[in-house]
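Visitor: Build the complex: two chains, separate frames, hints provided.
Listed here are the chains, written in short residue letters.
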Amino acid sequence: MFKQLVAVISMSLQTLPQRIGASSVIVIGIAGVVAVLVSVLAMGAGFQHTLADTGRPDRVVILRGGSDAELNSNLTRTDVDTISNAPGLAKDASGKALLSSELVTVVNVPKIDTGTDANVTLRGVGLKLTEVRPELTIVKGRMFRPAVRELIAGSGAAKQFRGLVVGSVLHLRNADWTVTGVFTSNGDVHESELLADVDTVGSAVERNGYSSAVALLTSPAQFAEFKDALTSDPQLKVDVQREPDYYAAQSKDLTRVINVVGKTVAIIMAIGAMFGALNSMYSAVAARGLEIATLRAIGFGALPVLLSVMIEAVLLSLVGGIIGAALAWLFFNGHSVSTLGGAFAQVVFQLTVTRTLIITGIVWACLIGLLGGFFPALRAARLPVAEALRAA
Amino acid sequence: MKYFPLIWATLWRKKARTIFTLLSVIVAFLLFGMLETIDYAFSHPSSGVTAADKLITTNKYSITLSLPFSDAQEIRSVPGVVDVTWISWFGGYYQESKNFVFAVPMDTDSYFNVYKDQFIVSDEQLQAYRNTRTGALVNADLMKKFNWKVGDKVPLHSTIWTQKKDGSLDWTFDIVGSFSVKDPTQASAQASTLLFHYDLFDEGRSFGKGKVGWFEERVSDPSEASAISGRIDALFANSSDETKTQPANDFTMAFIKQFGDIGFVLRAILGAVFFTLLFLTGNTMMQSVRERIPELAVLKTLGFGDGLVLELVLAESLLLCVLAAVIGLALSFGALPIIKQGLQGVELSPRALVPGIGAAVLLALIVGLPPALRAMRLNIVDALADKR
Chain A
1 MFKQLVAVIS
11 MSLQTLPQRI
21 GASSVIVIGI
31 AGVVAVLVSV
41 LAMGAGFQHT
51 LADTGRPDRV
61 VILRGGSDAE
71 LNSNLTRTDV
81 DTISNAPGLA
91 KDASGKALLS
101 SELVTVVNVP
111 KIDTGTDANV
121 TLRGVGLKLT
131 EVRPELTIVK
141 GRMFRPAVRE
151 LIAGSGAAKQ
161 FRGLVVGSVL
171 HLRNADWTVT
181 GVFTSNGDVH
191 ESELLADVDT
201 VGSAVERNGY
211 SSAVALLTSP
221 AQFAEFKDAL
231 TSDPQLKVDV
241 QREPDYYAAQ
251 SKDLTRVINV
261 VGKTVAIIMA
271 IGAMFGALNS
281 MYSAVAARGL
291 EIATLRAIGF
301 GALPVLLSVM
311 IEAVLLSLVG
321 GIIGAALAWL
331 FFNGHSVSTL
341 GGAFAQVVFQ
351 LTVTRTLIIT
361 GIVWACLIGL
371 LGGFFPALRA
381 ARLPVAEALR
391 AA
Chain B
393 MKYFPLIWAT
403 LWRKKARTIF
413 TLLSVIVAFL
423 LFGMLETIDY
433 AFSHPSSGVT
443 AADKLITTNK
453 YSITLSLPFS
463 DAQEIRSVPG
473 VVDVTWISWF
483 GGYYQESKNF
493 VFAVPMDTDS
503 YFNVYKDQFI
513 VSDEQLQAYR
523 NTRTGALVNA
533 DLMKKFNWKV
543 GDKVPLHSTI
553 WTQKKDGSLD
563 WTFDIVGSFS
573 VKDPTQASAQ
583 ASTLLFHYDL
593 FDEGRSFGKG
603 KVGWFEERVS
613 DPSEASAISG
623 RIDALFANSS
633 DETKTQPAND
643 FTMAFIKQFG
653 DIGFVLRAIL
663 GAVFFTLLFL
673 TGNTMMQSVR
683 ERIPELAVLK
693 TLGFGDGLVL
703 ELVLAESLLL
713 CVLAAVIGLA
723 LSFGALPIIK
733 QGLQGVELSP
743 RALVPGIGAA
753 VLLALIVGLP
763 PALRAMRLNI
773 VDALADKR
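These protein sequence lines are chains A and B, in that order.
Read left to right, the first sequence gives residues 1 to 392 (the working numbering).
Read left to right, the second sequence gives residues 393 to 780 (the working numbering).
Next up, chain B with everything else stripped away, as it sits in the complex (with noise of 0.2 Å):
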């Protein structure tokens, strides 16, 4: 410690260089914070406690076909199942098709008892929901978007299910309520959620009635997952409706890598910058040592040891690389909410920041190694005369 003036004295002689250095290594490690946060979270979806002990049922060979109601029954039988409730894909928007509204037709008891204190909701207006059959509880923000406010009658349409007495795709809702999200790694999965009665959807629609979308369950042991989606999937064996159970969380990872491997790209873009950074850092500690190669000499004669000069190398790289790197990964943790802007559904973490300065060590030390070593091996003689 007592050598930091000294490291830091050589690290600012020359400004101009050591800044634009530290610029690029601060930009690189911007992106490198971005792009983890972005990997960490398609590899590791809703991080909350809360979808541990939950397994989703969907048709085995098309999440598109459904499935009997009567399933729901023999699910609930099955031991572990604490309780299973059914959902269908609406396929909602409010007025333009971008206005995506994630409209779930539920089935009030199991639902919430699927999904225990989840949702916060006040008693009076979870009653009113009760007690009104086009009743429509709300996310809060998704109110606000919206601008809608208890007691408007809201439509959505439905781009499948076309309404039994008109043939309309319009459905009309009336809300009563808003609920906010208790879990807030849950919070941005359902922040577009407008929840609705199963029975309005079933004998409202012109087709597809008795069948559900999925089925979705809680089980007492989340250890005892696959097992119990074993058992569920085998009472279901070899009839027309075979089922696919698996937990909440391998679900979302299957849907996720649909998109293609969105961490092959991401660690791929990382490869090229940390590259293109080995050359540039590398390049700057060469040079800077070079031309303190007659300084060097003269620490050496005044008695700091072979080892210790590497280490004063090694350490001005490290202070260098360290510093870049703590600089651009809190900028990186400042662009968070932006990020979370763009990726609607995601749940960012800031963990993913801490491998970033695993990077900036190895960084520094294959930049500072071959300058650290050409230090350590100089001459007293010949570096003193090499002063030009």
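Extracted from the complex, chain A is given alone in its bound form (with noise of 0.2 Å):
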């Protein structure tokens, strides 16, 4: 039984050439479901990838209690202060908390690609910036000083939107503000993100207090006297996340969003695929009739026949989806695009091709195969031998 099957699917390979044509539309058909299906995928693992890479377990985010995110957030002096005072935070040497007070806005920034103004964050960061977020490192230029018009650029903002370069002039409320120096941070949101001194931010925008407050624990440990203590303030009305929890609450909706349309988009198309496997097949079993009649005259079981009929199908479609999946690959992994995020900002992102989505990709190819090639091969093992000699 193996021997034979061994023989036909050997055969059935030997003549492929032949049917080049119509075996080509079933790795094309199929090279195109995965290609898109892979692509728009990969729209959603990067923007989830940029949002779950931002935080560590240790830094926490403190908002106005029922606020949802720091734009909508405000706190005040004394909020900070009292923040800054609870327990479990890490000290400077000087026995300062690691806190950054920030104030978070978003101004009309330009798009690059399509030249419309674009909601980009400007993140009014406190003194204690680089020992709260150790990752940032300046790759241009050189730090904002405190107290001067100046702001940093995330290098994914730089990409993606006009006039971020290391010299140039930033407009904003009847002020010019320098850019000087591009940063980043891990590959994190905040890399789509301007940075400047949070009291001029403040001065500028005309507003007396803070959005959140961003702290470093001791140990991540640290995390729920921390929170009990600042929930059971009573002077106090704040919601207190890690950071890692604040930001995968941000990438859930329009991931999902991302996904459903993806795949609702590919199984439309892999249907399609799928009667386009169907017709060559079948085409393929009428061009082999008179040699499948022969095989099964002298001998060769039904099985070994149905069976490679059904292989030839999902190695077309192996093919197909691997040539879908390299396309993919080839023309947008590392594509860097933004759209607005959860936080009615801008996010940078790159689209990522990860070893799951092409795994995902092959393996709807080779559903698609098997498909497409059950009904073929069920036709080519019940064929009615003596008529199939006789017509030849």
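No lab work stands behind these hints: they were computed from the structure.
Accuracy of the hints is not assured; some may be wrong.
Within a straight-line C-alpha distance of at most 30 Å, the following computed BS3-like cross-link-like pairs (lysine-lysine) qualify [stated by the list, open to error]:
hint	chain 1	residue 1	chain 2	residue 2
1	B	Lys541	A	Lys252
2	B	Lys601	B	Lys557
3	B	Lys732	A	Lys111
4	B	Lys452	A	Lys111
5	A	Lys227	A	Lys237
6	A	Lys159	B	Lys603
7	B	Lys407	A	Lys237
8	A	Lys237	B	Lys545
9	B	Lys536	A	Lys252
10	B	Lys636	A	Lys237
11	A	Lys111	B	Lys603
12	B	Lys406	B	Lys394
13	B	Lys490	A	Lys227
14	B	Lys545	B	Lys601
15	B	Lys394	A	Lys263
16	A	Lys263	B	Lys537
17	A	Lys237	B	Lys601
18	A	Lys252	B	Lys692
19	B	Lys692	B	Lys541
20	A	Lys111	B	Lys446
21	A	Lys237	B	Lys490
22	B	Lys490	A	Lys252
23	A	Lys111	B	Lys508
24	B	Lys603	B	Lys452
25	B	Lys452	A	Lys159
26	A	Lys263	B	Lys692
27	A	Lys237	B	Lys603
28	B	Lys556	B	Lys508
29	B	Lys601	B	Lys446
30	B	Lys407	B	Lys692
31	A	Lys227	B	Lys556
32	B	Lys446	B	Lys574
33	A	Lys227	B	Lys557
A few chain B residues that don't get close to chain A, going by computed Cβ distances all over 10 Å [what the hints assert, rightly or not]:
hint	residue
34	Arg409
35	Leu427
36	Ser435
37	Gln517
38	Thr551
39	Asn630
40	Ala640
Ideal Cβ positions, reconstructed from N, Cα and C, are used throughout, including at glycine.
Guide: Here's what the structure looks like:
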């Protein structure tokens, strides 16, 4: 049986070049489905990565209670003083808490590709910035100085939005702000932002107070104690979240939308490709009618014939799947785009064709091949031998 | 037309092949129709006539920065402006953050003057609204969604505005009436609107008093919109709150573009679909003609000219593609309500389906031409001898 199978398969593969037209329909059809599936899902994966890579478990974000996002939140200076005295916070050599009081606002900066204004986060940050966020590295130019209108731009923002190069000037409410540097921060969401001194930003937008406080704990385990201390304080109405939790919540909605849209489109395309595969395999079976009938006449079983047709379909689909995934990877992996994220501000991210996505694409390809190959295989196996031989 | 039975018969020469080809082309055009409608919706926001005479004035540097309320007086005096109203972003939801409510603090007289004839409210309910400080007018569909009735007290959570009296983020409104939207193209944009008094909002909030989120104007002549925008912005140039005024449609377009180049993504997908479709139908047509070579030779022997044979094959390809396209587009038309549910706030127009027929004809010509040419160039003697 196994011997028969090998013989039939090698025969069907040897005659494959004669049926190259019909066979290429399967390969190209499935390559299209997989390329679209993998590219769209790569968008979701890239977006999720950017937000999931933001933050570390020993860092906390404190917002006014019930605010949901930094942009809506409002903390007074007294609130921030109280927060910085809470137990569990890491301290510097002089005993000051490693806490950055931040003021988040969005400013209009034109997108390079469309030329239309986009909401870019301008984040005022406290003096402890580099200790609270050690991952932040200046890659071009220098750090902004406090008390003057200077800012640094994230590397993602610099790529997507106009006029964010070192030395250029951004106009904001009757004042010129100089871009003094470009920074990276482990590919996280802050690379989509502009950073400047919190009090300078506050005076520019006429806000007395902060949006949020970001602080470093002595260890991730201190979270519960720190949170309890703040939430049990009757003077304070705040929400305390670990930084990764805060950002993960922001990626949830959009990632789900991208995945649903991507899979819906791919399912519809897959149905189309399956009909194409059915067509090709039926014509392959028809073309091999004489060959199959001869094999059956000299004693080959129905099962090896059935399997050989299925295996041919799956092999062709596999080739299509690999081509599709490779195309998606070639054209879109690392491609940088930006969108309006959950926090009403632009998030710059890169399409990421992960290994999981490639495997997903190839599994889809094989499933389409199995479905498209089954009925033609059944016909091949049931081919009435005598009639097929006589027809020839 | 007299050759239609012949074309029809040759199309069904191999039933299974034609059915499978038809099905894949139908599926492709179903997708084409769905994606085209979405693309059309995003590139033609609020196609209704009611949006053409509206302008929006925001802070030049950021939509989140407010503007002084006193600007309203100056804007109203600009020639061409019929009326101006002001609004702030309330950031409201009911009970859970997924139950978004577009709660709009509004000034009754100027709001209904800017949105003249756009909201349908009964006179009694409008009067009740004017008389109730904590009153709210709610979109009839939203009332249904949350099971609200006139007379209910509903609490809305604002993610931004704390109340002066107790620092709470929860605001309570008395529902005094409901409204519906006249222009159907605006219906989805207003689907979760709740209107309440600006005075209640401004006096009740603990910060931001005297500031507004943005202004909305109605102009007498839509063709003057950009000139009027320029005049409004000139009023506040070099002030600490410079403005940016633009037609409401442009504002919406710019906002949609913030999500990225949706059109490019959709077109890229359609490109992939059509590329694969070319191969699929192309292969079918080639096969079909190859198998019929002796028959075509017989036709020629009977006196069918070269040109006519070419036309017959092309017509067969057209029939296949257009038939499938019409079915596929009709299916996508049927799917419109489903897409609409997924894309709240977007108006879908069946007009976007028209280019689909054009695409089908193009597809038919591209895949039909090579086999048609082959059929045309057939030499009768060789073709008849081809019979194996």
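Visitor: Hints first: check each against the structure and report whether it holds.
Guide: Hint-by-hint comparison with the structure:
no.	hint	result
1	Lys541(B) to Lys252(A)	violated, 33 Å
2	Lys601(B) to Lys557(B)	holds, 14 Å
3	Lys732(B) to Lys111(A)	holds, 28 Å
4	Lys452(B) to Lys111(A)	holds, 16 Å
5	Lys227(A) to Lys237(A)	holds, 12 Å
6	Lys159(A) to Lys603(B)	violated, 35 Å
7	Lys407(B) to Lys237(A)	violated, 72 Å
8	Lys237(A) to Lys545(B)	holds, 26 Å
9	Lys536(B) to Lys252(A)	holds, 28 Å
10	Lys636(B) to Lys237(A)	violated, 36 Å
11	Lys111(A) to Lys603(B)	holds, 29 Å
12	Lys406(B) to Lys394(B)	holds, 22 Å
13	Lys490(B) to Lys227(A)	holds, 25 Å
14	Lys545(B) to Lys601(B)	holds, 25 Å
15	Lys394(B) to Lys263(A)	violated, 45 Å
16	Lys263(A) to Lys537(B)	holds, 29 Å
17	Lys237(A) to Lys601(B)	holds, 22 Å
18	Lys252(A) to Lys692(B)	violated, 65 Å
19	Lys692(B) to Lys541(B)	violated, 77 Å
20	Lys111(A) to Lys446(B)	holds, 25 Å
21	Lys237(A) to Lys490(B)	holds, 22 Å
22	Lys490(B) to Lys252(A)	holds, 13 Å
23	Lys111(A) to Lys508(B)	violated, 35 Å
24	Lys603(B) to Lys452(B)	holds, 15 Å
25	Lys452(B) to Lys159(A)	holds, 23 Å
26	Lys263(A) to Lys692(B)	violated, 50 Å
27	Lys237(A) to Lys603(B)	holds, 25 Å
28	Lys556(B) to Lys508(B)	violated, 33 Å
29	Lys601(B) to Lys446(B)	holds, 26 Å
30	Lys407(B) to Lys692(B)	holds, 25 Å
31	Lys227(A) to Lys556(B)	holds, 27 Å
32	Lys446(B) to Lys574(B)	holds, 16 Å
33	Lys227(A) to Lys557(B)	holds, 27 Å
34	Arg409	violated, 6 Å
35	Leu427	violated, 8 Å
36	Ser435	holds, 12 Å
37	Gln517	holds, 31 Å
38	Thr551	violated, 4 Å
39	Asn630	violated, 7 Å
40	Ala640	holds, 15 Å
Of the hints listed earlier, those the structure fails to meet are numbers 1, 6, 7, 10, 15, 18, 19, 23, 26, 28, 34, 35, 38 and 39, in rising order.
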